[in-house]
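J.: Sequence:
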Amino acid sequence: MPHRRRPPTVLARELSIIPKSNRDSLMPQSKEPVSCVIELDSGLPPAKIVASKKFKKPLPHVRKTHFINLSTTYKSDNKVASKIRSHARQESYRKKKAARNLTELSRSNPKVLLPHSARLAVAADALVSRLAVSEVDPFRKYPIVMNPKSYRLLRNLYGESSFIFTTMRNKGVFNCITDPAAFTQMLAMSSWHLSIESPANDRIEPIQLSIGAIQRLNHRLTTPHVDTSDNMVFTLLIFCLFEMVKFDMPSFAVHVNGLVNVIKLRGGLQTLAHNIPAQSMAFKFDVIQGLLSGTTPQFSGSGHSESYDVRSKRKSLFLTDLSAISDTYISEAVKPCLDILEELKIEVANEFKRRNARDNTVSRRIDWTSYINQLDSVFLDPDLDTLQNDLRDVCKVVGKIFTVRVQRALSPPNSVSPSLDLAYVREIQAQTTKSIPIVLINNSIPIRHPAGPIILWITFITASCELYGEDKRWHNSCLGGVRRGLGVKSFDEMMEIMKRFPWIEEVFTRRLREMWDKIYWEYWYHA
Numbered sequence: 001m002p003h004r005r006r007p008p009t010v011l012a013r014e015l016s017i018i019p020k021s022n023r024d025s026l027m028p029q030s031k032e033p034v035s036c037v038i039e040l041d042s043g044l045p046p047a048k049i050v051a052s053k054k055f056k057k058p059l060p061h062v063r064k065t066h067f068i069n070l071s072t073t074y075k076s077d078n079k080v081a082s083k084i085r086s087h088a089r090q091e092s093y094r095k096k097k098a099a100r101n102l103t104e105l106s107r108s109n110p111k112v113l114l115p116h117s118a119r120l121a122v123a124a125d126a127l128v129s130r131l132a133v134s135e136v137d138p139f140r141k142y143p144i145v146m147n148p149k150s151y152r153l154l155r156n157l158y159g160e161s162s163f164i165f166t167t168m169r170n171k172g173v174f175n176c177i178t179d180p181a182a183f184t185q186m187l188a189m190s191s192w193h194l195s196i197e198s199p200a201n202d203r204i205e206p207i208q209l210s211i212g213a214i215q216r217l218n219h220r221l222t223t224p225h226v227d228t229s230d231n232m233v234f235t236l237l238i239f240c241l242f243e244m245v246k247f248d249m250p251s252f253a254v255h256v257n258g259l260v261n262v263i264k265l266r267g268g269l270q271t272l273a274h275n276i277p278a279q280s281m282a283f284k285f286d287v288i289q290g291l292l293s294g295t296t297p298q299f300s301g302s303g304h305s306e307s308y309d310v311r312s313k314r315k316s317l318f319l320t321d322l323s324a325i326s327d328t329y330i331s332e333a334v335k336p337c338l339d340i341l342e343e344l345k346i347e348v349a350n351e352f353k354r355r356n357a358r359d360n361t362v363s364r365r366i367d368w369t370s371y372i373n374q375l376d377s378v379f380l381d382p383d384l385d386t387l388q389n390d391l392r393d394v395c396k397v398v399g400k401i402f403t404v405r406v407q408r409a410l411s412p413p414n415s416v417s418p419s420l421d422l423a424y425v426r427e428i429q430a431q432t433t434k435s436i437p438i439v440l441i442n443n444s445i446p447i448r449h450p451a452g453p454i455i456l457w458i459t460f461i462t463a464s465c466e467l468y469g470e471d472k473r474w475h476n477s478c479l480g481g482v483r484r485g486l487g488v489k490s491f492d493e494m495m496e497i498m499k500r501f502p503w504i505e506e507v508f509t510r511r512l513r514e515m516w517d518k519i520y521w522e523y524w525y526h527a
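If you're matching positions, the sequence shown starts at 1 in the UniProt record's numbering and goes up one per residue.
What the hints contain is simulated information worked out from the structure, not anything from laboratory work.
For clarity, every value in this text was computed on a predicted model and none was experimentally measured.
Just so it is clear, CB atoms sit at the ideal spot from N, CA and C, and this is done for glycine as well.
Any given hint could be a false lead.
30 Å max Cα-Cα, derived DSS-like pairs, lysine-lysine [said to hold, decoys possible]:
hint, residue 1, residue 2
1, K83, K95
2, K79, K97
3, K284, K353
4, K149, K171
5, K284, K171
6, K95, K141
7, K335, K353
8, K149, K83
9, K345, K335
10, K97, K83
11, K171, K264
12, K141, K171
13, K97, K149
14, K96, K83
15, K246, K345
16, K246, K171
17, K246, K149
18, K95, K149
19, K345, K499
20, K246, K284
21, K246, K79
22, K141, K246
23, K264, K284
24, K353, K499
25, K264, K246
26, K499, K335
27, K79, K95
28, K79, K96
Between beta-carbon pairs, the in silico distance windows are [what the hints assert, rightly or not]:
hint, residue 1, residue 2, range
29, S195, K79, 54 to 60 Å
30, E496, F352, 52 to 58 Å
31, Q270, G172, 18 to 24 Å
32, D230, E496, 33 to 39 Å
33, M495, S326, 44 to 50 Å
34, E342, Q270, 48 to 54 Å
35, Y93, H225, 24 to 30 Å
36, T296, F352, 49 to 55 Å
Please model the entire structure based on the sequences and the hints provided.
T.: So this is what it looks like as C-alpha cells:
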C-alpha cells in the first residue's frame, strides 16, 4: 500500500502530543531566527527554511512644518497652505501699515495720549483711512449678535448721510445704548432711513423689533419695581427719537409718557444732570409732546416760557399720518406767505420795466417794509392743525429773509445791513425749536413726499443768509444733511424742485450753485 502524505492538521496535532523536550530536539539548532513554510497539498515545491534579514536601525525622524486642512483631502493641503501663507503676508503688511499710520497720527497730534498696543494701532489705522470705526472698534461689545447687515446699518448711523444721526453721534447718545431692545431700535431707525434714501430698484426692507423684546421692555415698565436706571432712560429716548423721525405720533406719545414717568420716579429731571445729552433730549421730547397735544409740559425750565393757551386751541397732531400730508395740506399752510412774495415779484418786474423805458427819468422806490409788515400780519388759522400752523410760522420768517435778499440784490452795495440776516436767523431758529418742522427737517420724509420741497426751500433760504463762523457752518451742514436725506442727487434736480418757489431763478441761482458745490464736495469726501 503506497505511503500517503499526512495533511497539515494531522501533523500539527501529532506535534502537539509530543512532549516539549522532545519537540525542541526536533527543531533545528540555530541561533538565527527562521520561518517555517508549511507546504499544503497544492502541488507547490516542498517547504524551505528561509533565514530572515538582519534588523536595521531606522533613520532619525526630522520634524517638518506642514499646513494640514482637516476638512479636505490631502491633495488640497498644498493649496490651503499657499492661502495661509498669503494671508500671513497680508496680515504682516496690515500690521506694518497700522503702525506706520499710528506714527503719522502721533506726529500730527503730539498732545494725544499715544496707544501702544496692536489693537489700538488697528483702530488708528481705520481712523486715518476713514473707515467705519464702529465696525472695527476692538473694545466695543455689542448687545446683540452682529451680522454684515447689522454692521451696514450701524455704519449708516455713524456716517455722514443724516443730519440727525450726526447730531446724536456727536452727543454720544449712540455709544450709551447697551440694552438689546434699544440697540435693535437703533438699527431699525437706520434701516428705515436707508429704505427712504435708496432708489426704487434697491429697496431695503426695514427691520422690525421682536415681540419678545417689546414684552421684556413692557415688563420692566409695569413691574412693581420699575427700572429707573440710566440704561432705561436711554432706551426710552431711542424709542422716542425713532418715532419722532418716523413721524409716528401715537407711538411717540406713548413712549414720551413712559419716559416722563420714569424720570419722575427717579426724582425729576435734575437726576440726569450728570448726562447733559439725555437731559436735554428728555426735556425737548416733553416740550414737543406739549406742543402737539396742547398741554403744559411736565418739566419746566428756562428759555421755554411760552404761553400754551394759543397753541392749545389748535388741532392735535397725534392723529395726523405722514401719508395723509398732501399738496393741498401743504398749500393751505404756506399759500398766504407765497402770495405776498408773488405780489412783490410782480411789483419788482414792473419796476424793471419802468427803469428800462426810454421816457422814464426817475424810478419809483419800492416799499420793502410794507411787504415785511404784510408777512407779520399773517395770522394762524385755528382750523389748521399744529403742523400747518408751525409751517406757516416758519414760512413767515423765510418770506422776510426772501424780501431782504431781493432788496440787497436790487439795491446799491452795503445799503442793507447784514445784521438783519442774523436777526431773522435767530427768529427762525426760535420757530423751529418750538415747532414740529424740526422733525421734518431732520430727514423724516423723502423728496418724493409733498412736504419735501417746502422743507428743502426753508432750509436753503436759512442757509443762504449772510452768516459767519459757527452759524454759517451749522446751516450749511443742515442743508447738506437735508439734501442727502431727501435724496437729491444733482444740481439740476434741486433747481427743478426749487423753481416752484418765487425768486429762485432771478436771485438765488448763483448762491444755490455755490452752496451745492460746497456740500457736494464735502459729502464726496466723507463718503
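J.: Take the hints in turn and mark each one as holding or not.
T.: Hint-by-hint comparison with the structure:
1. For the hint linking K83 to K95, the alpha-carbon distance of about 18 Å falls within 30 Å, and the restraint holds.
2. For the suggested pair K79 and K97, the alpha carbons sit about 27 Å apart, so the restraint of at most 30 Å is met.
3. Between K284 and K353 the CA atoms are separated by roughly 51 Å; this puts the pair beyond 30 Å, and the hint is violated.
4. As the CA atoms of K149 and K171 are separated by approximately 25 Å, the hinted pair is consistent with the 30 Å bound.
5. Distance restraint check for K284 and K171: the Cα-Cα separation of roughly 15 Å lies within the 30 Å cut-off, and the hinted pair is therefore satisfied.
6. For the given pair, K95 sits about 23 Å from K141 by alpha-carbon distance, which is consistent with the 30 Å threshold.
7. Between the alpha carbons of K335 and K353 the distance comes to roughly 27 Å, so the proposed pair stays at or under 30 Å and holds.
8. Of the supplied pair hints, the one linking K149 and K83 holds, its CA atoms being roughly 27 Å apart against a limit of 30 Å.
9. A distance of roughly 15 Å separates the Cα atoms of K345 and K335; the hinted pair therefore holds under the 30 Å criterion.
10. Distance hint between K97 and K83 is fulfilled; the C-alpha atoms sit about 21 Å from each other, no more than 30 Å.
11. For the hint linking K171 to K264, the alpha-carbon distance of about 24 Å falls within 30 Å, and the restraint holds.
12. For the hint pairing K141 with K171, the CA-to-CA distance comes to about 20 Å; that is within 30 Å, so the pair holds.
13. A C-alpha spacing of about 28 Å is found between K97 and K149, which places the hinted pair at or below 30 Å, so the restraint holds.
14. Among the hinted pairs, K96 with K83 is consistent with the structure: their alpha-carbon atoms are about 20 Å apart, no more than 30 Å.
15. Restraint check for K246 and K345: not satisfied, since their Cα atoms lie roughly 37 Å apart, outside the 30 Å limit.
16. With a CA separation close to 21 Å, the supplied pair K246 and K171 stays within the 30 Å bound.
17. Note on K246 and K149: the hinted pairing holds, with a Cα-Cα distance of about 21 Å set against a maximum of 30 Å.
18. Of the pairs offered as hints, the one joining K95 and K149 holds, with about 27 Å between alpha carbons and a cut-off of 30 Å not exceeded.
19. This hinted pair checks out: K345 and K499 have alpha carbons roughly 14 Å apart, not beyond 30 Å.
20. Taken as a hint, the K246 and K284 pair is honoured in the structure, with Cα atoms around 17 Å apart against an allowance of 30 Å.
21. Straight-line distance between C-alpha atoms of K246 and K79 comes to about 52 Å, which puts the hinted pair past the 30 Å bound.
22. The hinted pair formed by K141 and K246 meets the criterion: a straight-line CA distance of about 28 Å does not exceed 30 Å.
23. For the hint pairing K264 with K284, the CA-to-CA distance comes to about 16 Å; that is within 30 Å, so the pair holds.
24. Of the supplied pair hints, the one linking K353 and K499 holds, its CA atoms being roughly 23 Å apart against a limit of 30 Å.
25. Note on K264 and K246: the hinted pairing holds, with a Cα-Cα distance of about 27 Å set against a maximum of 30 Å.
26. Simply put, K499 and K335 have alpha-carbon atoms about 16 Å apart, close enough for the 30 Å limit, and the pair holds.
27. Annotation: proposed proximity of K79 to K95 holds, straight-line Cα distance about 25 Å (limit 30 Å).
28. Between K79 and K96 the CA atoms are separated by roughly 26 Å; this keeps the pair inside 30 Å, and the hint holds.
29. A hinted range of 54 to 60 Å is violated for the C-beta pair S195 and K79, which are about 42 Å apart.
30. Range check, E496 to F352: Cβ separation about 25 Å, and the 52 to 58 Å hint is violated.
31. Checked against the hint of 18 to 24 Å, the C-beta distance between Q270 and G172 comes to roughly 20 Å, which is consistent with it.
32. At roughly 48 Å, the beta-carbon separation of D230 and E496 lies outside the given 33 to 39 Å, and the hint is violated.
33. About 24 Å separates the C-beta atoms of M495 and S326, a value inconsistent with the hinted range of 44 to 50 Å.
34. Between E342 and Q270 the beta carbons are some 51 Å apart, a value that agrees with the proposed interval 48 to 54 Å.
35. At about 55 Å, the CB distance of Y93 to H225 disagrees with the hint of 24 to 30 Å.
36. A hinted range of 49 to 55 Å for the beta carbons of T296 and F352 is consistent with their spacing of about 52 Å.
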